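> Quick note, the sequence shown lines up with residues 91 to 770 if you use the working numbering.
Hints in this document: simulated from the structure, not taken from any laboratory.
These numbers come from a predicted model, not from an experiment.
Careful: at least some of the hints might be erroneous.
[Unchecked claim] Quick list of in silico lysine to any residue cross-link-like pairs, SDA-like style, CA-CA up to 25 Å:
id	residue 1	residue 2
1	K531	D571
2	K586	G570
3	K219	T462
4	K508	A264
5	K531	R632
6	K596	N466
7	K596	H443
8	K531	H443
9	K508	F301
10	K198	K468
11	K611	E576
12	K531	D568
13	K295	E576
14	K531	N466
15	K508	G299
16	K219	E576
17	K596	S681
18	K468	R222
19	K518	G506
20	K198	T239
21	K219	K508
22	K468	E246
23	K518	E576
24	K468	N244
25	K508	K142
26	K728	R743
27	K142	E173
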Amino acid sequence: MFKKNSTIYFFLIAAFLSACTTTSEITDPNIAFDRKMYSIAAPLYVQEYREKEVPAQRAEAAFKAAESYRLANNSESAERWYERAIELDYRDPIVYYKYGQSLKANEKYQQAISAFEKYGREEPFSRGKANREIAASRNAMEWKRARQTIDVFNFEPLNSPYHEFAPVLYRRGALVFTSSRPDATGEDVYGWTGEQYMDIFISEKDRNGVFQEARQFSEITSSGFNDGTPAFNRDFTLMYFVRCGSQELITDYCYIYESRIGPNGEWMAPYRLDLFEDSVNTGTPFISNDGNMLIFSSDAPGGFGGKDLYYAYRTGTGWSNPINLGNEINTEGDELFPYVAPDGTLYFSSNGHPGMGGLDIFSAEPTGDSWTNVQNMKYPINSGGDDFGLIVDQAEPKGVNDPVRMSGYFTSARSGGKGGDDIYRFVKRNENLFVLEGIVKTAVYENPEDPSSEITGYEPIEGAEVQLRKIERTGQTDIGDSIVGEDGTFRFELEKETAYSVMGSKEGFFNRSETVTTRGKKDLENVTVTVYVELILDRIFRDREIVIPNIYYDFDASTLREESLAVLDTLSMMLEENPNIQLEIGSHTDSRGSVSYNQRLSLERARSVVRYLVENGIQQERLLAKGYGESNLVNHCKPGVECTEEEHQENRRTTFRVISDDFILESVQPSDIRVDPADR
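Work out the full structure, taking the sequences as your base and the hints as a guide.
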């Protein structure tokens, strides 16, 4: 099936048709071509080709027929007639470039490369232009070979043998779109395409979610001229659409119109937006959710090429002067059909950026009031034909096990459709097959004011911040962050064969991090592998002593035993994660031995702990050593009281106490280990 002519261009390029000239009166192909009646010009040039006998004249007619078919977007017929012009030695090397474009549109990329190479040899000054097309053709072949995570299918409920394009979301899941189907208003045939004029249609869902037969959207968008490409604000009280032609104007310019919903729920009479002079075309509008920013295409003078994208802001008296989106978005070609997704990404169509053929769909990242980092959406969103008008109806997965990353609709004139332009559905599968899912919790104590009391359970921490960092050889790179809700849960997508650090934090709690990795985990196609983590944040109890378990010393000495180091490493990590925490490290003895000896021994043991932490990279200004001796016994084992060894062991303990949670290290001054002045 050949590609029928895409309707996209008549909304974007002025047709300048005479209102009093009917298509049946035109028999001269040059007149039809000059008036942009390409569907009429093409067969007239074919007839002229057959009537000519001089090879040069036949070559000229073949080239003009090819140009007419190309501009009507019938790429297969264009390819055949460019080829015929080449066989007849058409004199202008541009024929190889145009032939290559048609081959690209028909996805014959290897043949297109040969045509562009020939053009580069024949036109040395245009070699850069040829090389860009060669690179784009090679990219297209590579994109088609690559593993796909996007499913694309013809959305048959909306399509017909005619043109359907530019769908937008409407109330209760309905789709509003533009079509040239026979029940569109208007009796004339549009000379550019040879088909019915366009109207706006709506297809609503029934109670089972099934799209119903489309009907006219509104009387105000059924003018008998070309009406199409609507856009709505968030609450569907404002509509912007394009109308090409009017009773008042002889030339067929395209302008953006605005309509508001009336008190009775019907759309009110539209009025034209005066964004530029009368002789400037405007089209393909997008309106922000609040109705205050309009993005659109225009051929206004002073742009970068054919049709550029502009934006304007609503003012108290109308709209601001339009602002060009700049040369990172706009090119010497046409940029059309802007759409801003919920995440701020700008999607638009262009035939100026390197693509697969015709118009391709591109994305750009938001940066303040503009967009940058333009990326081709690649195959299968794009094809050799015109691809445009992408919208999103699901911007992110609905749950951790949802295989859909993003979904929506777009328009394409690719081969295999039901008619000319068809509406397609796309579903992007989650290409990040690893997901980190977790929860931030804290302990619930029997006595909420005593961290030494029994833990009775755990509860989520609402409002905690979770930060994800990628662990690399050169350090850690921030990936993203999340503020957890009432249930304390969070979710991140992970790359395969990558290690991460995930940290939870909230004021009044110690920061806590865990390391997670997808290294060595099996990548199962189309299956999401979940990595689960719990971040348990300990509440900060200022000036409350907390026992550090499993700290042991040699008998009658301050030397730390080997089995004590693991827990001190954990304490060191906690201090690294909480750089504003300042601790007192305390040591206690039992009551055996003299008071002075126990005091001295406990201080030396506290110093041993501090020394180990400093050797592990903790600034000594954050640590204070304190010896308590036998002054704070936790049981009845006072001097002279007979106790078991286990009871004496309860009194031999090492502790920490938070003395500041807003410590700032102003300068590092080497000194001895800090001790409590009372111990000096």
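> If a hint holds in the structure, say so; if it does not, say that too.
How the hints compare with the structure:
1. K531 / D571: The hint holds at about 17 Å.
2. K586 / G570: holds (17 Å)
3. K219 / T462: Holds, at about 23 Å.
4. K508 / A264: Between K508 and A264 the Cα gap is close to 21 Å, so the pair holds against 25 Å.
5. K531 / R632: holds (20 Å)
6. K596 / N466: With Cα atoms ~40 Å apart, K596 and N466 exceed 25 Å; violated.
7. K596 / H443: violated (46 Å)
8. K531 / H443: violated (49 Å)
9. K508 / F301: holds (17 Å)
10. K198 / K468: holds (16 Å)
11. K611 / E576: Outside the cut-off at roughly 31 Å; violated.
12. K531 / D568: holds (23 Å)
13. K295 / E576: violated (35 Å)
14. K531 / N466: violated (42 Å)
15. K508 / G299: holds (23 Å)
16. K219 / E576: Since the Cα atoms of K219 and E576 sit roughly 57 Å apart, the hinted pair is violated (cutoff 25 Å).
17. K596 / S681: With a Cα-Cα distance of about 40 Å, the restraint between K596 and S681 is violated, given a limit of 25 Å.
18. K468 / R222: This hinted pair holds, its Cα atoms lying about 16 Å apart.
19. K518 / G506: holds (21 Å)
20. K198 / T239: Distance ~23 Å between K198 and T239 Cα, so the pair holds.
21. K219 / K508: violated (34 Å)
22. K468 / E246: holds (23 Å)
23. K518 / E576: violated (30 Å)
24. K468 / N244: Distance of about 17 Å is within 25 Å: holds.
25. K508 / K142: Judged against 25 Å, a Cα distance of about 37 Å means the pair is violated.
26. K728 / R743: holds (16 Å)
27. K142 / E173: holds (18 Å)
Of the numbered hints stated above, those contradicted by the structure are hints 6, 7, 8, 11, 13, 14, 16, 17, 21, 23, 25, listed in ascending order.
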